[in-house]
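> Protein sequences, first through last, are from chains Z and D.
Following our numbering, the numbering of the first sequence begins with 1 at its first residue and continues without gaps.
Following our numbering, the numbering of the second sequence begins with 1 at its first residue and continues without gaps.
The set of hints was computed from the structure by calculation and includes no laboratory data.
All residues carry an ideal CB built from backbone N, CA and C; glycine is no exception.
With the Cβ distance kept under 7 Å, some of the chain D side facing chain Z (calculated, not the full set): (1) Ser26; (2) Pro52; (3) Phe58; (4) Lys68; (5) Ala82.
Some chain D residues close to chain Z (C-beta under 10 Å, calculated; not the full set): (6) Gly53; (7) Tyr62; (8) Val74; (9) Pro80.
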Amino acid sequence: MTSKLKLLISGSMAAALLASAAPAFAAGTTAGTVITNNVTVDYQVGGVAQTQRTASDNFTVDRRINLTVAEVGAVTTSVVPGQTGASVAFTLTNTSNAPLDFALAASQQAGGTAAHGGTDNFDITGLSLFRDVNGNNTYDAGTDTAITFADELAADASITILVVGNIPGTQLNGDVAGVRLLATAREAGTAGSLGAAITETVGANTAGVDTVFADAAGVIDAARDGAHSDDDDFTVVTATLNVTKTSRVISDPVNNTTNPKMIPGAVIEYCIAVANTGSAAATNVAINDPVPGQLTFNAGTILLNGTVTGATCNADGSAGGSYVAPNVSGTIATIAAGATRTLVFRATVN
Amino acid sequence: MRLFLLAFLGLMAAPAAANPVALSNSVFVERVSTDAKGNRKIVLEEPKVVTPGDRLVFVLNYRNASGKPAEKFVVTNPMPAAVQYAEAGDGNAVVSVDGGKSWGALAALRVPDGNGSQRPARAEDVTHIRWALNAPIPAGGTGKLMFRGIVK
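The following block holds chain Z by itself, in its conformation from the complex (with noise of 0.2 Å):
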């Protein structure tokens, strides 16, 4: 043969392709496809064109199944005790070359270091499952549908699925329950009702469509499992209150304002100052104190809002509150995070 042509098959040539990356076809040719490669070959002989020839090949494109599932964002979402409806999302897509059903199930997590580094320590109750109907990623009580699985998935088409709990009122700021969502493949089979589970070709292949897994590892689940799963997480933050209250002798019928004595007409100052170490504001915080039977409450001493130096009242704010006998009250609009702010008011010593 004079051809200029070589063996193409070369081992080099081939490891040289095969080292470029791959085209990302994400859920590509869709299963069942029959590929056929034409092929047609003109030529002459003694000058004369011949009759053309033809070949042609087919093969099946068999079914990848493959998904992921991963949650929205990279944050935690922060909740505050009591919070009903509280949810963080997920995106399902089927990056398989087949539509599918996919079975979905959200669990808790038990201890250890949640999605985005706390630890673990509480589970949210009421935990279910919601498909994001107006696509804000995050729940609308009436408005997103409640959902077990996730039906006729189309190939590279993506869905949002909330995972949606009531946080217990007595957590604490910090507290983190870790949730993950574990959606498996099932065969695609009718509307509205959830298909048969799928199982991967084994062994020899079979000359119609066959199943090949090629799904990664999620947070709960093995490689080329048919199914995949992915972890978020609830931070509780929350104000938190400590109330310490200190009080100092103004003045005495004797001594007047010099080394005040705690005696019978001296006039003593009462601060109660209220700081909060959590990591949210607290509002509207109602202060209550009764004055003791031994004591006069002197009107019109009462401010509110004032602040703190160290652990030293400064006796500042401006005036409020009220006095209903035999209790000082007055509300503080806002304590914000990491600070302190107080209520002051002088009473008599009978």
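Assemble the complex: chain Z is given as a structure, and chain D must be docked to it using the hints.
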């Protein structure tokens, strides 16, 4: 010279074959496996399990079964719709990115970019592959052509 003439006459006298050029078109899946020593091994398999992203090797074997040289031997292979062109295994191959109207090396071809101008053609634009053999295939001569593709 005399021997050659005799041989030539003998060929001339042979009856014309029913299929003067025999073709055999086949496809393989190219898989890479790594052995315990870390050596990569490339295996060509029958296309029994084929899923998107798999690399395919299309092979055309030809044989001139006639008694005469076959000249101006031109092989044309449209890309199957579900296969993206990756590489022709031979420098003599030309490709078309316009359904077979014009031909050339991939690097020399351009396609509309959808915005009224042209951009350099890429592998995924290839619609046909063609080989035009320079030399006649002698009587009884055989050969092999191949290209690689990827299942979309």
